[in-house]
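Trainee: Each chain, written out:
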Amino acid sequence: MSRAALLVLADGRFPAGGHAHSGGAEAAVRAGRITDAATLAEFCRGRLHTAGLVAGALAAAAALGTDPGELDAAADARTPSPALRGVARRLGRQLLRAARTTWPSPELDALAAAFPKGAHQPVVLGLAARAAGLGPADAAHCALYESVSGPATATVRLLSLDPFDATGVLARLAPELDRVADAAVEAARRAAAEGVDALPAGSAPLLEVMAEAHAAWPVRLFAS
Amino acid sequence: MDGVTATGVRASARIVARADGRGATVLPVLDGEGPLALRRVRSAGTEARVMVVGAMSGPLGGDRFTLAARVEEGARLHVGSAAATIALPGQAKGEARYDVTLDVADGAELHWLPEQLISADGSDLHVATRAELGAGARLVLREEQVLGRVGEPSGRLTSRLTVRVAGRTVLDQELACGPGAPGGWDGPAVLSGHRAVGQLVVVRPEFEAHPVPARVLGEYAALVPLTGPAALVSAVAPDALRLRRLLDELLAQLG
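The listed protein sequences correspond, in order, to chains H and U.
Here the first sequence stands for residues 75 to 298, where the numbers follow the working numbering.
Here the second sequence stands for residues 109 to 363, where the numbers follow the working numbering.
FYI, nobody ran anything at the bench for these hints, they're computed from the structure.
Glycine included, each C-beta is placed from N, C-alpha and C at the ideal position.
Don't take every hint at face value.
[Stated by the list, open to error] The calculated label-pair distances, taken between Cβ atoms and stated as ranges, are:
{"#": "1", "chain 1": "U", "residue 1": "Arg257", "chain 2": "H", "residue 2": "Pro178", "range": "53 to 63 Å"}
{"#": "2", "chain 1": "H", "residue 1": "Gly106", "chain 2": "U", "residue 2": "Pro321", "range": "42 to 52 Å"}
{"#": "3", "chain 1": "H", "residue 1": "Glu181", "chain 2": "U", "residue 2": "Val161", "range": "50 to 60 Å"}
{"#": "4", "chain 1": "U", "residue 1": "Arg276", "chain 2": "H", "residue 2": "Gly242", "range": "36 to 46 Å"}
{"#": "5", "chain 1": "H", "residue 1": "Pro237", "chain 2": "U", "residue 2": "Asp347", "range": "35 to 45 Å"}
{"#": "6", "chain 1": "U", "residue 1": "Asp356", "chain 2": "H", "residue 2": "Ala184", "range": "23 to 33 Å"}
{"#": "7", "chain 1": "U", "residue 1": "Pro197", "chain 2": "H", "residue 2": "Ala172", "range": "29 to 39 Å"}
{"#": "8", "chain 1": "U", "residue 1": "Pro321", "chain 2": "H", "residue 2": "Arg104", "range": "22 to 32 Å"}
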């Protein structure tokens, strides 16, 4: 594996459109549930173990070569909010466009042909990692880091939170993120043997409900 | 029931509902025991009604409960429970497990509407509900979790709900809360101090062509179309009463 390829894929400047999304932080800030670095940390921790773990396991499974169509259906079943399913597919389409140019591969071409409206982003992420010569642990780390870095960066803008504090939140979560990434890879290996039902299905009821409300706001800073 | 052992109680219950060919539903199998005793109650129209009446407390630590219901083609079954289920700490070490398997054939209908599951302080329960539906099956399934009895902290509760229609998984969700659950479960992304959380799944063949429009009720409840002929109501609330009100209100909006 190439460590540098991992940095390219995980770079916030990789042109895949993630910066426009807050991972539910905008709605949580508006509701008064994220007010400072401590509440941001709890928000990120909750995401890490629910939506993050699911995304990490999907990405790891895609990187292992599990059928992307089955993974995409598993992602649908684990994402009850149609607003969030739409976001995941839009982000997946953007990432796929960037990845096909960066790491051309027949598997990415086949994915684009099979999902003209976009596949769930973590599935694309896993296949992009594979095309870049990376492994399942790299894909899981990327997905998990995105699941918390998005809300942290967004909160800096939404709350005028000190960027050093937001980065401190991410740094303190790092050991926990490593453990969740291990669990994601283990689940992905189990799914390769037993089928995609073995993937984790962690849910965060407030994220799902608030995503629907947020999608209906007439004016918002972030797309989700 | 295999009896009470050092490892806890093992109990199972089984229901089979069958159309009798004259417009009513009969129950050729209605086997329950101990904590999962079953009673047939007065029917409404063409459906058969069953009540789960727990004759023991529990599940307690180490207990293993399994409950299976099969609704055959053309049959209609309604299952409720006489009281809330309370997960309690037990003498036996380790978590308790409660597995519910629901099998609804093409052209059959199941209303699965038990009372709340309450996770008492110090308890440790893993619940898994798996519904397998044929292509033209109909389902209304309610699941409500209450974290702690009044004024007490929550026990450890993991609850997974999987719904498959015609071989395709339309919903797979797991919620883990209480002491020892992965971090952030009570934080601003997951429950944020709410002590009651519930889901209501409605499967109707007509939703395939005409999915329900997504709708938000207040700040903490939403009705959403799933991928497939199904809709989901999810809600969080400060207590069981207000949770039930939210779920009922959104169910009523489905008509």
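Trainee: Confirm or reject each hint.
Mentor: Do the hints match the structure? See the list:
no. : hint                               : in the structure
1   : U/Arg257 with H/Pro178: 53 to 63 Å : holds (60 Å)
2   : H/Gly106 with U/Pro321: 42 to 52 Å : violated (28 Å)
3   : H/Glu181 with U/Val161: 50 to 60 Å : holds (55 Å)
4   : U/Arg276 with H/Gly242: 36 to 46 Å : holds (44 Å)
5   : H/Pro237 with U/Asp347: 35 to 45 Å : holds (40 Å)
6   : U/Asp356 with H/Ala184: 23 to 33 Å : violated (47 Å)
7   : U/Pro197 with H/Ala172: 29 to 39 Å : violated (52 Å)
8   : U/Pro321 with H/Arg104: 22 to 32 Å : holds (23 Å)
When held up to the earlier numbered hints, the structure conflicts with 2, 6, 7 and fits the remainder.
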